[in-house]
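Colleague: Protein chains in written order, with our numbering: chain B, 1 to 478; chain E, 1 to 478; chain C, 1 to 510; chain S, 1 to 510.
To be clear, the hints were calculated from the coordinates, so they are not data collected in a lab. Take the hints with a grain of salt, since some may be wrong.
[Unchecked claim] From chain C, some residues computed to sit far from chain S (all C-beta separations above 10 Å):
id, residue
1, VAL14
2, ASP23
3, GLU110
4, GLU128
[As the list claims (entries may be wrong)] In the DSSO-like style, the derived pairs of lysine-lysine whose C-alpha atoms are separated by at most 27 Å in a straight line are:
id, chain 1, residue 1, chain 2, residue 2
5, E, LYS347, C, LYS184
6, C, LYS475, S, LYS470
7, E, LYS391, E, LYS443
8, B, LYS443, B, LYS404
9, E, LYS60, C, LYS231
10, S, LYS297, S, LYS231
11, B, LYS175, B, LYS347
12, S, LYS234, B, LYS49
We put the CB at the ideal spot given by N, CA and C, even for glycine.
Here is what each chain is made of, one letter per residue.
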Amino acid sequence: MIIVKDDNIKGEEKKLAKRAFPYIPNSVEEIKAELLEDIGLSDVEDIFKEIPDHLRFDGKLNIPEPKLSEYELKKHVERILSKNESAQNNLNFKGGGVWQHYVPSVCRTIAGRDEFLTAYVGDAYADHGKFQALFETASMIGELVELDAVNTPTYDWSNAIVRSIRMASRINGRKEVLIPASMSPSRKKVVLNYCKPDIKVTEVDFDQDTALINLDDLQAKLSDQVSSVYIENPNYLGYLEISAQKIGELTHQHGAEFIVGVDPSSLGVLEAPANYGADMVCGELQPFGLNMKWGGALSGFIASPDEEKYVGEYPSLLFGITPTVEEGEYGFGHVAFERTSYAQREKGKDFIGTSTALYGIVAGVYLALVGPKGLIELGEGIMQRCEYAKKKFAEIEGVSVPIKTPSFKEFVVDFSGCNKSVKEINQLLEEENIFGGIDLGEKMEEYENCALFCFTEVHDRYDINKLINSIEMIIEKY
Amino acid sequence: MIIVKDDNIKGEEKKLAKRAFPYIPNSVEEIKAELLEDIGLSDVEDIFKEIPDHLRFDGKLNIPEPKLSEYELKKHVERILSKNESAQNNLNFKGGGVWQHYVPSVCRTIAGRDEFLTAYVGDAYADHGKFQALFETASMIGELVELDAVNTPTYDWSNAIVRSIRMASRINGRKEVLIPASMSPSRKKVVLNYCKPDIKVTEVDFDQDTALINLDDLQAKLSDQVSSVYIENPNYLGYLEISAQKIGELTHQHGAEFIVGVDPSSLGVLEAPANYGADMVCGELQPFGLNMKWGGALSGFIASPDEEKYVGEYPSLLFGITPTVEEGEYGFGHVAFERTSYAQREKGKDFIGTSTALYGIVAGVYLALVGPKGLIELGEGIMQRCEYAKKKFAEIEGVSVPIKTPSFKEFVVDFSGCNKSVKEINQLLEEENIFGGIDLGEKMEEYENCALFCFTEVHDRYDINKLINSIEMIIEKY
Amino acid sequence: WDEPIIYEMSTPGVRGILVPEPDQKIKDSAGDVMAKIPDSLRRKKEPNLPEVSQKHVLMHWTHLAQETMGSNLTNDISEGTCTMKYNPRINEELVENTDFSLLHPEQSEETVQGILEIYSEFENIVKEVSGLDKATLQPGGGNHAVYTAASIVRKYWEEKGELDQRDEIITTIFSHPCDAATPKTAGFKVITLQPDEQGLPDIEALKEAVSERTAAIFMTNPEDIGLYNPKVDKFVEIVHEAGGLCFYDQANANAFLGVARAREAGFDMCHFNVHKTFGTPHGGSGPGNGAFCCKEKLAKYLPVPTVEHDGDKYYLDYDRPHSIGKVRDFYGTAGVIVRAYAWVMAMGEEGLRETADISVINNNYLYRNLVEEVKGLSYCYRDNGLIRQEQVRYTWEELTDDTGVDTLAIERRIADFGIQHYWTSHEPWLIPEPMTLEPCESYSKDDLDEYIKVLKRIAEEAYQDPELVKNAPHKAASRKRKDDNMLDDPERWALTWRAYQKKKDKIHAD
Amino acid sequence: WDEPIIYEMSTPGVRGILVPEPDQKIKDSAGDVMAKIPDSLRRKKEPNLPEVSQKHVLMHWTHLAQETMGSNLTNDISEGTCTMKYNPRINEELVENTDFSLLHPEQSEETVQGILEIYSEFENIVKEVSGLDKATLQPGGGNHAVYTAASIVRKYWEEKGELDQRDEIITTIFSHPCDAATPKTAGFKVITLQPDEQGLPDIEALKEAVSERTAAIFMTNPEDIGLYNPKVDKFVEIVHEAGGLCFYDQANANAFLGVARAREAGFDMCHFNVHKTFGTPHGGSGPGNGAFCCKEKLAKYLPVPTVEHDGDKYYLDYDRPHSIGKVRDFYGTAGVIVRAYAWVMAMGEEGLRETADISVINNNYLYRNLVEEVKGLSYCYRDNGLIRQEQVRYTWEELTDDTGVDTLAIERRIADFGIQHYWTSHEPWLIPEPMTLEPCESYSKDDLDEYIKVLKRIAEEAYQDPELVKNAPHKAASRKRKDDNMLDDPERWALTWRAYQKKKDKIHAD
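Next up, chain B with everything else stripped away, as it sits in the complex (with noise of 0.2 Å):
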């Protein structure tokens, strides 16, 4: 019961003051009072009375006043969110591990249906739907990747990197794996924390021109106590490893897993990872249907050959397909759940939990949505799009695009010719509504002076003319 200070309630209208609160049914004095006498408490405290005194909170929790009303909930939290500045009313250029891409329609009205919304672990009978779209993402990327085993989505493409690696650890018992030191520096931090106590994780360097893997320190780095190699591609800052299929055979040579991970929005225009060798490949389902939510729609994925040494090792779990005792029907269920640490506790493959099922169903709504050749047109179009705004770049004095890589969706702009910092442009930037690239120097001290853009399918030329001709602007004129 909500208790209303109102001095002007009286005699028998005062009932009006006491509320039973909206999402709690049985806040209702006299149901509550009902609900003890059936079982002969007068009283919650005879419930509570198990916990011992000092170990009761004696007090009440200092949180701020509620607003109960739903209309002043939604103006109070409006409100504060109106404090940002969003891509609605900025043209946005920063990618790095979020990108923004159109959200069809039709993805954010399945997300927002309460039976996904507001399912868990219920088994297939009860949540038959959930198992198959679950199982049907996992199909398409299968597909996009050319695989035939994935796992249900994890919380981001970072930790599918790491689970990947300790993957590759447990089948092949070996501690090493080599990561280009081009790779996000945010992911890095994530694999270096995960991969401890017994992971050792080495570097590999990158041709800071080409912000390639130097194959010769790959080279020199590889030996048969690596485990796995793991490479991005395209990387980081945009690039395509150019030399992957060589990397993949090199790997081999010693051994080793070649784990690959992806931006899948960019497989419709480049090579599955597995025919040009990956083992494994994992990846950032973001882009398939998900806002950018100030990062926080990451949804992770790994796949693997359909072998019982991948499928044996993965922490996740894995929603398969079966029959059911109705001739024709399609049933569903979970693959190996003895390998799990729900299973298993210490003994079961890292850990499970909660991760991030409603993402990967709407990343499968995506991808049957656009299908194969909406994907190549997003492909090919963002390409467009990258290469038209390079060349734009190129013809402002002061900036130049210094690696001639070939890149999808990102690449480096090097602003050390100008009179301004990176930081300045974006600060200007903003003052026009655009939100500039990426800061590469500070997170990359080989990139000083450099931005990170990202263009994608929601940029059209003018947005493209608009960020050109106000750099341009800010550069000269200020």
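Since chain B is already given, all that's left is putting chains E, C and S on it; use the hints.
Modeller: For chains E, C and S alone, kept in the frame of chain B given last:
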């Protein structure tokens, strides 16, 4: 197939340039050909040949270039809509037939579900839920007005009025209706057209100072020719028709039907019209969970006693509850379908057709959410805000609140004593992001220089004070 | 779900949502407002609304939704004449935009230029699709637009001073019932033409019907059995020669977008059901909207306000002295117009034409295969040699004669296959045991084949196990009603829960 | 629905949506971009994705949704330990606001003050609810937060130089599996305590287990059988005395909001599953979020960045040299935080406390009536004299002994009544034939009574017609799997449609 003009696309890739329409699965050329072949035709023209050449449209429809991608479509429409100024970013004090109330999120959720949204005229087995939902809405409206028969929703309140009037005329065979001259000018226009040619519409005068029906004039105009007397309570100007019971008695003395129109959001605090003599009640459901939508979210209802003489005269569909062959199960179906023009063409009662079922469903969800106590609190809170605002208005020099009749949600403010017209004041208020009261002078000659202000639960003290302060400033400073 | 009535879920004191209250300062200033209400108007008793928590409200109506079959989630070829298209989700997102949803209709024109632009643009589109000169989007539905037409005809003759003489409106029996009912409501006598032996409107009957009393003809083409009337322009000529006006009911114009128009056939007026042809949702029976179009000479009679442009900005024109007045408060179902505009903009000229083409191809594929594969099924006027356009009225006459299973039983049975009940026919049933299907452009070949397969299966059941079909449905959200007569019996019908409480004993008497 | 796999709905050439293309000027300027991709990396074959129209995509996933039972539409007392609350719809509306949904995580701090404020405010709330000093919202789920705890413990001992010695983490068998699995993943040895005869963690076993090798204890309270451990502070004391750290798994803290906190029991760290206690949706298994709290002395180890306020504005602090690094990219599942903040703001202090009260009252009503009314049902440690708090682990042992119907059969059968499968128990099943129910504050008395009625009915069925229950489900979205062994057989499991195509023959071999 969409043919994309793209000079760059050549050879094999040219295929990409032809695209099926996402809303038309069979627009793939191969499928179209397959379908035609199956039925032995070679071209769609083999079907359209039944249309003589001179009746064919030869040419291409001259409509704007499409936005084929959903993203561009969304941007395009959003861009046009952004030319509007809405109550999201402006304080709105206009009512007069459409009122700004808070729309609970659950109402939006139910309204947005594809099941209800995209259903149509299916019977009660496949569309059991739709029937039950509309039956429940009718049940709740019946409780608000305390009558046992309620129709499925009509286009709007104005159409509900005139259908009630025509029902009354069919019931007693008389051909004259008395309506208050104070009624909504816009609703009056609908009534005047729809009563043609056979029902004479006579306006009863009202007293400008009280905004209430002039009982003397009513008595003068009442006769045994009068089929029905229609009043609104609260009336268009927001005032309670305090002699409603008396009017009903006079009406009944002449053997006429007493029809009361209501804004049903008042019925938490105002008496159910049947309890002060109404034979039929009609009104508007928009306050119950429907956003204003530029006046597009209207939905009318009619209620009457559950007697054959009334029920047999409804033009609308009527949904009734009835048992099924399964013990204890509720079924639903059309009540007295033979009345309708669907069954009897021109011999049916007026006409029916697609009206506003979804809005009716939403109104039911709204009423179940707020419940009896919420509706009372809503009504009382609105009256409190109005009283507060009246006092504040009266404090402004040159401004008065001339009518002392008790009111609900709306009231008249007189600006004659100040140096600006209502139109000017409203223009200046717009610059303060305020939508001022409706300019009554444009609608009713009695209220030159007056405006009709509306206050609902969306307004808090700061909103009201901002309005008052802005008006003061406008009057004093400009 | 075995879902209770919401009243059965009620517990005193439970809340679903709280409304925002005024603060104490307002309350103090306002004083006891309830006391100001005169006693006769003060509510004495709490209204008997259900008291349910928010979760349970959501759950209840979600269950009811799941017990409803919308076209976006079913193979809804069933509802012939209704054009059950895909209703794009993006359009729902657009109307949730507060730049639209929070517009008050009395805002100044300066603040609603966006929605006025959409109105104006969509009027241009329907004018182009019809070939006529001026449009209004005020009617709340298709039948409402036809009623608007009847009102305009009345006003036209009234202004000419000939209304006493011109008091007849002609229609055809296969035109929608509203083409008879709305003129009647507007005060006209209605003359209904029967079809000729081909199933087409009978031109000889028309010649006999027209006279100096003819106010107008209201007709559909194709009529709802799917035959295009090749002499439609002759009908118009005959009526025009008699001095009458011609209204073209184009509620469902889907198959003729960019193919044939009102203008070429000579009509003075027409209308479109925006929720059929232009891809907006039907809402379980509304909100829809009617787009009424007419030639310039009738424009002055249109309801006020019209949307105009003064070269600089859009405005609402109320200064139209010849107007019929209004048919609805404010300006029509604006959300439907926003969606329809977006639908057209997603399609373009090519898309509209493709819509027409695929609609007639789908229909031809369906009906030719259906009658070939389904035992006991035929269609009306089968031997007239005319190819059907967008829909077909079928007949189960043979199957009913053979098995005793009628179209209503089959219609119920189809719900057991997860398919919406099909549309039989408007009344009267000139075609025995009718079924009307319309596989518009939203349906795939798989949908068409599934539909054929289901009907084939039901026909087989009818021959093998007629009781199974007669007692259908078995797997739908509810079983068969016990006794449909109850719904026509004033003692046993119940339109509200309160009426049901009073009549329960009678309803369950047997 | 008998819903096909999406690949079975595919037809070449069909489109569900079109992506926006660059215009011709961009294409001309860009030239042949595909040619720039080295051959080894250029895709040669179209990816094998389904080709389906938009209506059919929507229809398919809508059907799958309807074949799923979310807690907002069912009586989901079933999923004990999961706190299946009502998830308010308004919160979904709030996260669709583009002021949130279109924020890029690399935007400047000036442009994200709103979301930073919500993070900071929600951190304050969880700090108050736990009584601890500092929080991070980075972990992507509850287990992820426990893993974060394990990482921090590791870092703590590493910095002290004692990691080689302090390599054991103690937990209890009724604590969540992650309390064992995540320390293991982080490199610790795990010692698991068995319960005492009352079902409580055994303090004597703890005394034996602690040593100079103890890095920390990870424990739940109440454990997932619903018993509050009154000596929990003693456990903390013992571990502290041995020099170890104490982590309190408060994944589900629902029944103790404002009642009991980590601080009073002396813990150094704790976490909450935001999607359990704070009313955010579970999403079919995420996205959720973990809120990790700790005392000041451990704050320096938190993952980067933390959210800070410099007196003027909020900022992200990356300059934390002792940090463990990161456990997830960026800052956690921000949408979950926005919803959780809104949930708390809708409840307030009184609402949180009411949540706790009603949760334990509901549970006590349920278990006392269940064991009284349902034949063959009991609950673990029934005779220990302790009142259960928010949930109960039941046992069907008696019924299984009597009838041969086991808990898995009953769990399947319950779906036939429109109720979600209940949670049995985490592995290993110390309690035979377990069932764990948690009727949190969202459930009404009717819900509780319905649940009792359904279990009573199933128990009766088990006694009267055991095969009926064993072969369940009968009315759920799918029937019983033919052979669960297939799912453990590498030859016959299939995680993707492509794998299924290859293995079909083996799967359907018998």
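Colleague: Now tell me, hint by hint, if it's right for this structure.
Modeller: Now for the hints, and whether the structure bears them out:
1. VAL14: Given a closest Cβ separation of 8 Å, the condition is violated.
2. ASP23: Its Cβ never comes within 10 Å of chain S, the nearest being 16 Å, so this holds.
3. GLU110: 25 Å, holds
4. GLU128: At about 24 Å from chain S, C/GLU128 clears the 10 Å cut-off, so the statement holds.
5. E/LYS347 - C/LYS184: Holds, at roughly 8 Å.
6. C/LYS475 - S/LYS470: Distance ~23 Å between C/LYS475 and S/LYS470 Cα, so the pair holds.
7. E/LYS391 - E/LYS443: Distance of about 25 Å is within 27 Å: holds.
8. B/LYS443 - B/LYS404: Since the Cα atoms of B/LYS443 and B/LYS404 sit roughly 21 Å apart, the hinted pair holds (cutoff 27 Å).
9. E/LYS60 - C/LYS231: At roughly 24 Å apart (the allowed maximum being 27 Å), C/LYS231 and E/LYS60 satisfy the hint.
10. S/LYS297 - S/LYS231: 24 Å, holds
11. B/LYS175 - B/LYS347: 19 Å, holds
12. S/LYS234 - B/LYS49: Distance ~18 Å between S/LYS234 and B/LYS49 Cα, so the pair holds.
Of the numbered hints stated above, the single one contradicted by the structure is hint 1.
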